[in-house]
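**Student:** Residue numbers (our numbering), protein chains in the order written: chain A, 1 to 264; chain B, 265 to 578.
It is worth saying that the hints were derived from the structure and are not from the lab. Hints should not be assumed to be uniformly reliable.
No farther apart than 20 Å at their CA atoms in a straight line, the calculated lysine to aspartate or glutamate pairs in the EDC-like style are these [what the hints assert, rightly or not]:
#1 87(A) <-> 332(B)
#2 270(B) <-> 291(B)
#3 343(B) <-> 10(A)
#4 317(B) <-> 272(B)
#5 317(B) <-> 141(A)
#6 277(B) <-> 10(A)
#7 24(A) <-> 394(B)
#8 317(B) <-> 198(A)
#9 513(B) <-> 482(B)
#10 397(B) <-> 339(B)
#11 368(B) <-> 264(A)
#12 485(B) <-> 375(B)
#13 87(A) <-> 355(B)
#14 475(B) <-> 286(B)
#15 8(A) <-> 286(B)
#16 485(B) <-> 394(B)
#17 335(B) <-> 10(A)
#18 485(B) <-> 291(B)
#19 317(B) <-> 349(B)
#20 343(B) <-> 266(B)
#21 261(A) <-> 349(B)
#22 294(B) <-> 535(B)
#23 317(B) <-> 51(A)
#24 294(B) <-> 349(B)
#25 368(B) <-> 420(B)
#26 280(B) <-> 10(A)
#27 24(A) <-> 525(B)
#28 87(A) <-> 426(B)
#29 87(A) <-> 349(B)
#30 24(A) <-> 535(B)
#31 168(A) <-> 272(B)
#32 444(B) <-> 420(B)
#33 168(A) <-> 235(A)
#34 475(B) <-> 10(A)
#35 368(B) <-> 349(B)
#36 382(B) <-> 438(B)
#37 513(B) <-> 533(B)
Label-pair ranges, simulated between beta-carbon atoms [as the list claims (entries may be wrong)]:
#38 493(B) <-> 9(A): 53 to 63 Å
#39 468(B) <-> 35(A): 51 to 61 Å
#40 172(A) <-> 358(B): 42 to 52 Å
Backbone N, C-alpha and C define an ideal beta-carbon position, used for all residues, glycine too.
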Amino acid sequence: MASWGVMKGELYDIYLSTAFELRKHLRRRRLLIIAALAILVPLIFYATTPDTAGRFSIASLRFLSILMIISAAMFAGDAISGEFESKTGLLLFPTPQSRTSIFVGKYIAALITTFLVVTLYYIIMVLQTIHLYGASEIPPELAQSYLTASIYVTSVVSVVFFFSSILKRSIASTILGFVLLMLVLPVVSGVLSSQDIEPWFIVTYSGELIISVLGQRSLFVGPGGRVTLETYGPDFGPGIAVMAVYTVVSFVASVLIANRKGME
Amino acid sequence: MEYAIKTENLVKKYGKNFTALDNVSIEVGKGDVVGYVGPNGAGKTTTIKILSKLIRSTSGHAYIDGVDVNKAPREAFYKVGALIEVPGIYDYLTPHEMLTYFGKVYRMGNDQIDRRIKETLELVELSAWEHKKIGAFSTGMLRRLVLTKAIFHEPEIVLLDEPVLGLDPAGIVEVRELIKRFHSGGMTIFLSSHLLGEVAEVCNRVIFLNKGRVIASDSIKNIESNMKYSVINVRFLEPLSDERLEALKSVQLINGVELEDNIARIQFDGELETSSRILRQLVSLDYEIVSYSLESMDLEDYYISIMNENKGAD
Numbered sequence: 001m002a003s004w005g006v007m008k009g010e011l012y013d014i015y016l017s018t019a020f021e022l023r024k025h026l027r028r029r030r031l032l033i034i035a036a037l038a039i040l041v042p043l044i045f046y047a048t049t050p051d052t053a054g055r056f057s058i059a060s061l062r063f064l065s066i067l068m069i070i071s072a073a074m075f076a077g078d079a080i081s082g083e084f085e086s087k088t089g090l091l092l093f094p095t096p097q098s099r100t101s102i103f104v105g106k107y108i109a110a111l112i113t114t115f116l117v118v119t120l121y122y123i124i125m126v127l128q129t130i131h132l133y134g135a136s137e138i139p140p141e142l143a144q145s146y147l148t149a150s151i152y153v154t155s156v157v158s159v160v161f162f163f164s165s166i167l168k169r170s171i172a173s174t175i176l177g178f179v180l181l182m183l184v185l186p187v188v189s190g191v192l193s194s195q196d197i198e199p200w201f202i203v204t205y206s207g208e209l210i211i212s213v214l215g216q217r218s219l220f221v222g223p224g225g226r227v228t229l230e231t232y233g234p235d236f237g238p239g240i241a242v243m244a245v246y247t248v249v250s251f252v253a254s255v256l257i258a259n260r261k262g263m264e
Numbered sequence: 265m266e267y268a269i270k271t272e273n274l275v276k277k278y279g280k281n282f283t284a285l286d287n288v289s290i291e292v293g294k295g296d297v298v299g300y301v302g303p304n305g306a307g308k309t310t311t312i313k314i315l316s317k318l319i320r321s322t323s324g325h326a327y328i329d330g331v332d333v334n335k336a337p338r339e340a341f342y343k344v345g346a347l348i349e350v351p352g353i354y355d356y357l358t359p360h361e362m363l364t365y366f367g368k369v370y371r372m373g374n375d376q377i378d379r380r381i382k383e384t385l386e387l388v389e390l391s392a393w394e395h396k397k398i399g400a401f402s403t404g405m406l407r408r409l410v411l412t413k414a415i416f417h418e419p420e421i422v423l424l425d426e427p428v429l430g431l432d433p434a435g436i437v438e439v440r441e442l443i444k445r446f447h448s449g450g451m452t453i454f455l456s457s458h459l460l461g462e463v464a465e466v467c468n469r470v471i472f473l474n475k476g477r478v479i480a481s482d483s484i485k486n487i488e489s490n491m492k493y494s495v496i497n498v499r500f501l502e503p504l505s506d507e508r509l510e511a512l513k514s515v516q517l518i519n520g521v522e523l524e525d526n527i528a529r530i531q532f533d534g535e536l537e538t539s540s541r542i543l544r545q546l547v548s549l550d551y552e553i554v555s556y557s558l559e560s561m562d563l564e565d566y567y568i569s570i571m572n573e574n575k576g577a578d
């Protein structure tokens, strides 16, 4: 009974921390900027309208992973390091709330915010599809793509959250998270693919499922700048499993590190 | 005796070569206002951060009201409020929003939160700013606001680390008055400071720390009664001639004289009886004395004397 009481207390603290952190995100200008991108970027694809709704979705979704990474970097990058860097932790930590509940709440808040951005993007895209092709033309696989994107969000937020736990400065964790997901991992994937090694264990490769569930294989730039149709594509089950592993490992490691971090 | 705060052999090491705290054992009784005094880098903030579980000690134990802060932090922190260094602030919030959040963290009911917001903001004269963004506050207002956060849940124990840091003289006076009011409300206060005037004014006990070690601990009353007053300030009716000054210096029992205009600082052995005998001699030698008083030795002098003793011990 006592442990249930403790757990109830922890859950309430997580709820408080999530609400507190969400308030911060909702009042930030960066949310407005990212929401504006989520609304405006899909409109660009009006310029060159493909002949089918499926192709239109694929073209639109190419920008989504970039938006997801920007959003994760912006909202999770300073989640832990910010409390130490700006010394707000001196107010927040010496309270009955455990650090674990504080950081879990922060993670959930970053997740919700990024998830909302992704949802907004899909809503705009669906509205565009209806406008251009009619409601009946909406690809049924789009729901699967949306679910995949929702899972991918948890892994990219976790990876950035991890950097936030190990680095002292928010700007460093934000940039490092962004560069790793945006540049380093895709380049490594590309290099491995060019060597005939499937990069199944790289989360950004798994992230391609968001598009590939719509029936599209990714394009890779091969030697000499030649664009080739890649022979590999992430399989759905293993791809989702890789995302889940990145999510759990990065998140658990972040919380453990943040709990041990001294407020010097 | 039950202690509000207790540490047992606290040790904090950074790397192999630097020991910030070296077996620090302190006890703070319930209802006391204890000053924790030492030069910068003595280990004051380190002790308070260990008590607040912001950092971990290398060894030793820290207790709040008998509860080990590492074993049962939740239980310990319900009883304590803390203001440590100069905390960052959530500049996008209003005092109302910030205090409401912390009220919920302390499991206060909505009515209680509303009541305490009114009471505490009134106490620190920030009532008019209850719904204004904290980002627009001055340094003094921020300091008062974070003090409000420390006492918001009506804790039994308050840890204050350099509470007047960065404040102007008016702000310092305001914060000292607030500390006195907290104490009159029955709170135990553990105040780290390097400002001896502040400690002498608001504390009833003092613990001196130097280079991570407790070097002295006593009540302010005991310290004051044990101080030796080894200088007498004498104001003469007129400035003394060289001849009269030499005569003064040759008076038995006087160890030395510094003269500035008509005021002499006479050094003696510090015994009250000696002081009385010197006065009698001066009168018998026809010195025209306007005032005769022992130069008061304050906490600062005491601090310097024990620091010098400690230097000698090293």
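**Student:** Each hint should be assessed against the structure and marked as holding or not.
**Tutor:** Cross-check of the supplied hints:
no., hint, in the structure
1, 87(A) <-> 332(B), "25 Å, violated"
2, 270(B) <-> 291(B), "5 Å, holds"
3, 343(B) <-> 10(A), "18 Å, holds"
4, 317(B) <-> 272(B), "15 Å, holds"
5, 317(B) <-> 141(A), "51 Å, violated"
6, 277(B) <-> 10(A), "32 Å, violated"
7, 24(A) <-> 394(B), "18 Å, holds"
8, 317(B) <-> 198(A), "47 Å, violated"
9, 513(B) <-> 482(B), "37 Å, violated"
10, 397(B) <-> 339(B), "32 Å, violated"
11, 368(B) <-> 264(A), "27 Å, violated"
12, 485(B) <-> 375(B), "42 Å, violated"
13, 87(A) <-> 355(B), "12 Å, holds"
14, 475(B) <-> 286(B), "8 Å, holds"
15, 8(A) <-> 286(B), "40 Å, violated"
16, 485(B) <-> 394(B), "41 Å, violated"
17, 335(B) <-> 10(A), "16 Å, holds"
18, 485(B) <-> 291(B), "18 Å, holds"
19, 317(B) <-> 349(B), "14 Å, holds"
20, 343(B) <-> 266(B), "15 Å, holds"
21, 261(A) <-> 349(B), "18 Å, holds"
22, 294(B) <-> 535(B), "36 Å, violated"
23, 317(B) <-> 51(A), "62 Å, violated"
24, 294(B) <-> 349(B), "24 Å, violated"
25, 368(B) <-> 420(B), "18 Å, holds"
26, 280(B) <-> 10(A), "37 Å, violated"
27, 24(A) <-> 525(B), "65 Å, violated"
28, 87(A) <-> 426(B), "15 Å, holds"
29, 87(A) <-> 349(B), "9 Å, holds"
30, 24(A) <-> 535(B), "65 Å, violated"
31, 168(A) <-> 272(B), "31 Å, violated"
32, 444(B) <-> 420(B), "15 Å, holds"
33, 168(A) <-> 235(A), "37 Å, violated"
34, 475(B) <-> 10(A), "39 Å, violated"
35, 368(B) <-> 349(B), "24 Å, violated"
36, 382(B) <-> 438(B), "19 Å, holds"
37, 513(B) <-> 533(B), "15 Å, holds"
38, 493(B) <-> 9(A): 53 to 63 Å, "57 Å, holds"
39, 468(B) <-> 35(A): 51 to 61 Å, "57 Å, holds"
40, 172(A) <-> 358(B): 42 to 52 Å, "31 Å, violated"
Against the hints set out earlier in the document, violations occur for numbers 1, 5, 6, 8, 9, 10, 11, 12, 15, 16, 22, 23, 24, 26, 27, 30, 31, 33, 34, 35 and 40.
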